[in-house]
Amino acid sequence: MKARTTITKLFRSLDSVSEALKCGFQVLDSRTLEPITDADLEQLSTSDLHHLQMRIG
1 MKARTTITKL FRSLDSVSEA LKCGFQVLDS RTLEPITDAD LEQLSTSDLH
51 HLQMRIG
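Using my numbering, the final residue of the sequence shown is 57, and nothing's skipped along the way.
Treat each hint with caution, since some may be false.
[Said to hold, decoys possible] Below, in silico cross-link-like pairs of lysine to aspartate or glutamate (EDC-like), each with a Cα-Cα straight-line distance of 16 Å or less:
no.	residue 1	residue 2
1	Lys9	Glu19
2	Lys9	Asp48
3	Lys22	Asp40
4	Lys22	Asp48
5	Lys9	Asp29
Treat the hints as calculated values from the structure; they're not laboratory data.
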C-alpha cells in the first residue's frame, strides 16, 4: 500500500484563498481544523492568512 503524502499550501492573500475555494480545494483553519467557506472570507483579515492551509493529497 502506498503512503499518502499531504502537501500543504500557505496563503499570501485573501484572493488566493477565494481562488482555491472556487477551484474546489478545501481550505482549513489550522486553529480549529474547520473548513473555510466563501461566507467565512468576509470575516477574515490578512492576519488570519498564516492560519489557513490548503491540503492536497
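- Message: Check whether the Cα positions of Lys9 and Asp48 lie no farther apart than 16 Å.
- Response: The given pair, whose Cα atoms are some 14 Å apart, holds under the 16 Å limit.
- Item | Pair hint outcome, Lys9 versus Glu19 [Cα-Cα no greater than 16 Å] | 13 Å, holds
- Is the straight-line distance between the alpha-carbon of Lys22 and that of Asp48 16 Å or less? 19 Å, violated
- Query: Are the Cα atoms of Lys22 and Asp40 separated by 16 Å or less?
  - Reply: 14 Å, holds
- Message: Lys9 and Asp29 were given as a pair; does the straight-line alpha-carbon distance stay at or below 16 Å?
- Response: Since the Cα atoms of Lys9 and Asp29 sit roughly 12 Å apart, the hinted pair holds (cutoff 16 Å).
Of the hints listed earlier, the one the structure fails to meet is number 4.
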